[in-house]
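Undergrad: So you can see what is in the structure, the chains are spelled out below.
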Amino acid sequence: MSKRMICSKVLIGELYIFISSVIFAFTIIASRQATRNMAGPTTFKAWTHIFSTLLLFILRYPLKSALDSNIGDNKEPEHIEILVSIKKRLSFISEYTFDLFFWGTISGLANFGIAIFFQYGLLTVEGSLVLLLIIFELILKSNYIYPILFYW
Amino acid sequence: MVAGKAAFINSLFVVATPFIASFIPGASHKITLTTWFCVALSVIGTYCLSNPMSSSSSFGVGEMYMLGSMLSCAFNIIASDLGSKRVDCIDLTMVEFVVAAVLCTFSSLLMEAHMWYWPFPALQDGISLIVLVGLLESMGYLISTVGQTYSSSARAALIYSLESVNTVLLGYIILKEALTKMEIIGCTLVFMATLISSSVEAADEVPMEVLEDVECIPILQDVNSDESRRLTF
Chain A
1 MSKRMICSKV LIGELYIFIS SVIFAFTIIA SRQATRNMAG PTTFKAWTHI
51 FSTLLLFILR YPLKSALDSN IGDNKEPEHI EILVSIKKRL SFISEYTFDL
101 FFWGTISGLA NFGIAIFFQY GLLTVEGSLV LLLIIFELIL KSNYIYPILF
151 YW
Chain B
1 MVAGKAAFIN SLFVVATPFI ASFIPGASHK ITLTTWFCVA LSVIGTYCLS
51 NPMSSSSSFG VGEMYMLGSM LSCAFNIIAS DLGSKRVDCI DLTMVEFVVA
101 AVLCTFSSLL MEAHMWYWPF PALQDGISLI VLVGLLESMG YLISTVGQTY
151 SSSARAALIY SLESVNTVLL GYIILKEALT KMEIIGCTLV FMATLISSSV
201 EAADEVPMEV LEDVECIPIL QDVNSDESRR LTF
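Taken in order, these protein sequences are the chains called A and B. The numbering used here puts the first residue of the first sequence at 1, with every later residue one more than the last. The numbering used here puts the first residue of the second sequence at 1, with every later residue one more than the last.
Hints were generated in silico from the structure; no laboratory data involved. Glycine included, every Cβ here is placed at the ideal spot set by N, Cα and C. Just to be clear, a hint being listed does not mean it is correct.
For the chain A half of the interface with chain B, some residues (derived, Cβ under 10 Å), not all of them [stated by the list, open to error]:
#1 34
#2 43
#3 60
#4 85
#5 90
#6 91
#7 92
#8 103
#9 104
#10 107
#11 112
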């Protein structure tokens with residue numbers, strides 16, 4: 001029972017990642033559309049991130065119950081020496097707050113990197129960009145999906 | 001830069017993720033030989049799909065952008081993997097977006113100051129796209145962060161490499177576009193890599209935090225039982 005349960009949890013986790021990869025495909029398609037229509041790729045990313053933050057803030061509690069994302073599942077992660085020593089020095093901040101802001105900032109920096117490099121890459125590259133972006137071309141060709149996506 | 005080459009450079013985050021993770025103490029312990037094998041298989045598969053050698057071999061600004069994007073992808077996956085095991089996924093994604101929003105706004109003010117006057121032209125031109133991308137991005141990142149609670153960064157990167165397969169298959173299904181032999185080989189290799197990684201390693205590579213969830217007490221009791229002792233001796 002145990003092994004089966006563990007496997008199912010891991011597979012559900014990986015299913016989530018797969019679903020998100022499909023969502024990202026559509027994100028890039030829409031971003032590509034934005035770079036064609038709008039001036040200022042960085043401004044576009046700034047506005048989308050502001051909107052995403054607001055959306056997550058508003059839907060925080062409904063999402064918590066829907067996604068089962070509590071940290072009860074996440075006990076005993078491996079300690080990183082450098083972080084442990086920093087945490088000791090910053091003892092006035094709780095461990096959770098420190099972890100949240102530290103990993104959130106690192107992820108945010110990487111997210112910013114993706115946004116900027118990818119968005120400028122979209123402008124630099126001739127034709128369609130990453131293989132993912134071929135989807136965009138396919139959707140453009142298939143007249144029935146495109147209007148649903150962009151003119152809803 | 002041609003699409004195939006860009007695709008190949010960007011897809012190298014499948015290799016970069018476990019490689020960078022191997023230098024980070026908290027993330028390195030999950031990478032096994034099978035994962036490396038799957039990563040190699042996936043890269044060969046993506047190579048077959050994108051055929052980067054068909055384009056010129058020069059390395060320009062576009063390639064540098066894609067390298068930056070690739071490294072950012074790798075760092076994002078690792079940071080989400082480590083962060084999601086320590087804090088709540090929704091809080092983590094929210095802080096991530098706040099940081100990214102602040103940095104994007106700051107860089108936009110520096111580089112595209114002409115876009116920031118009332119009424120904001122960006123909002124006027126593409127409010128529907130902003131809402132659509134914002135919605136998709138927030139949900140995509142959130143779901144991937146939740147998923148990474150149960151998976152390692154190396155395997156998450158492998159699953160992301162399935163995107164190229166999805167693209168080609170979608171073209172085949174929707175537009176009835178014929179696949180070349182190289183594309184079929186590429187799809188098969190990437191798909192095999194993901195399948196091997198997910199099925200063979202699932203049981204061996206289970207994160208410890210998941211193990212603690214499971215009812216282990218009966219199993220431990222069984223080990224100490226008379227029957228199990230007899231079996232051992």
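Undergrad: Out of the numbered hints, which ones does the structure contradict?
TA: 4, 5, 6, 7
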